[in-house]
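Peer 1: Could you put the whole structure together from the sequences, leaning on the hints where they help?
For the sequence shown, position 66 (counting from the first letter as 1) is numbered 156 according to this note's numbering, and the numbering increases by one without interruption.
A couple of the hints might just be wrong.
Claimed, not checked - Subject to a maximum C-alpha distance of 25 Å in a straight line, what follows is the list of computed DSS-like cross-link-like pairs (lysine-lysine):
#	residue 1	residue 2
1	Lys151	Lys210
2	Lys141	Lys201
3	Lys201	Lys159
4	Lys141	Lys224
5	Lys205	Lys147
6	Lys210	Lys159
7	Lys264	Lys151
Claimed, not checked - Taking CB as the label site, the calculated pair distances span:
#	residue 1	residue 2	range
8	Ser144	Pro230	22 to 28 Å
9	Asp206	His258	26 to 32 Å
10	Pro179	Lys148	51 to 57 Å
11	Arg198	Pro140	38 to 44 Å
12	Ala182	Gln225	54 to 60 Å
13	Ser314	Thr94	57 to 63 Å
14	Val197	Gln225	18 to 24 Å
15	Ser345	Ile261	17 to 23 Å
16	Glu100	Asp231	21 to 27 Å
The set of hints was computed from the structure by calculation and includes no laboratory data. For glycine and all other residues, C-beta sits at the position ideal for the given N, C-alpha and C.
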Amino acid sequence: MPATPLQIRELFSKLERRLASFARNPTPQNVHGFRTSSRRVEALIRELAPKRTSNDKKLLKRLSRLRKKAGMVRDIDAQLAALRSLTFPQEARRKARLVHALSESRVRSQKRLQKDLDKKLITETRRRARRAAKQFELAPDAVLATIAKRIMNALGDSDPHDEKSLHHYRIAGKRARYVAELAIGEPEAKLLLEQLKQMQDRIGDWHDWLQLTARAQKLLGGPSDSALVAALRNITRAKYRLAVEGIKLARPGWSDRKKPESGRSFSGAAAAA
91 MPATPLQIRE LFSKLERRLA SFARNPTPQN VHGFRTSSRR VEALIRELAP
141 KRTSNDKKLL KRLSRLRKKA GMVRDIDAQL AALRSLTFPQ EARRKARLVH
191 ALSESRVRSQ KRLQKDLDKK LITETRRRAR RAAKQFELAP DAVLATIAKR
241 IMNALGDSDP HDEKSLHHYR IAGKRARYVA ELAIGEPEAK LLLEQLKQMQ
291 DRIGDWHDWL QLTARAQKLL GGPSDSALVA ALRNITRAKY RLAVEGIKLA
341 RPGWSDRKKP ESGRSFSGAA AAA
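Peer 2: Spelled out as structure tokens, the structure:
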């Protein structure tokens, strides 16, 4: 069955709490918490609201603006984590240089973010979230698993053939996942959610390495100039292949043409990779 009104109100309340913590101290944990909560509320309003009110539209606009600013900080945190996980003794100095450049960029991005986190904007956003929570009504006959599948089926039957199309799966996967999360107790939605999460993890991992590689190339030059850049490009290609494979494995979970497969296929493929 769909989430209850109480559970839906809790999504908005959690957004308010995350927003307050994020505004006070934009640590990696608070940035991630705010972005996740804001995406859940956005998916709720965009995909499930029978009609968006003026307040809904203004709330979505503010959340989108804040999330994008926070995303710049989050992306750098993810790139730093990826780079530090890489053991590459051949070019230790260049790796250290890249870590330093990313760290400085993180400081600048956080300063810009904190500049935008003025008290008036945060108060206004929280007020609109409270109003949206009171106004929101989920149709009692809404089949959330079906809605989540429709989001994914809108991408077509073909697998991604380039970075742009893989990005489309990345965004749609998030929307579908947050809708499926609201389908409390639906076995079909539970399986779909499991597969969407694992697909999303692969695509997100690829995206982090892609951004890291682009930043490394800008700082250090191409693969012919730096063995570190060459290694990063090879890793990114491998992550791309895993992401595409993840979509193929997950597709039966939402495709109208096939029955869902067990999520165990993901772990088996990951072990073989």
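Peer 1: Hints first: check each against the structure and report whether it holds.
Peer 2: Checked hints:
no.: 1; hint: Lys151 <-> Lys210; verdict: holds, 15 Å
no.: 2; hint: Lys141 <-> Lys201; verdict: violated, 37 Å
no.: 3; hint: Lys201 <-> Lys159; verdict: holds, 11 Å
no.: 4; hint: Lys141 <-> Lys224; verdict: holds, 14 Å
no.: 5; hint: Lys205 <-> Lys147; verdict: holds, 24 Å
no.: 6; hint: Lys210 <-> Lys159; verdict: holds, 17 Å
no.: 7; hint: Lys264 <-> Lys151; verdict: holds, 18 Å
no.: 8; hint: Ser144 <-> Pro230: 22 to 28 Å; verdict: holds, 25 Å
no.: 9; hint: Asp206 <-> His258: 26 to 32 Å; verdict: holds, 28 Å
no.: 10; hint: Pro179 <-> Lys148: 51 to 57 Å; verdict: holds, 52 Å
no.: 11; hint: Arg198 <-> Pro140: 38 to 44 Å; verdict: holds, 43 Å
no.: 12; hint: Ala182 <-> Gln225: 54 to 60 Å; verdict: holds, 56 Å
no.: 13; hint: Ser314 <-> Thr94: 57 to 63 Å; verdict: holds, 59 Å
no.: 14; hint: Val197 <-> Gln225: 18 to 24 Å; verdict: violated, 40 Å
no.: 15; hint: Ser345 <-> Ile261: 17 to 23 Å; verdict: holds, 19 Å
no.: 16; hint: Glu100 <-> Asp231: 21 to 27 Å; verdict: holds, 22 Å
Checked against the numbered hints above, the structure breaks hints 2 and 14 and satisfies the rest.
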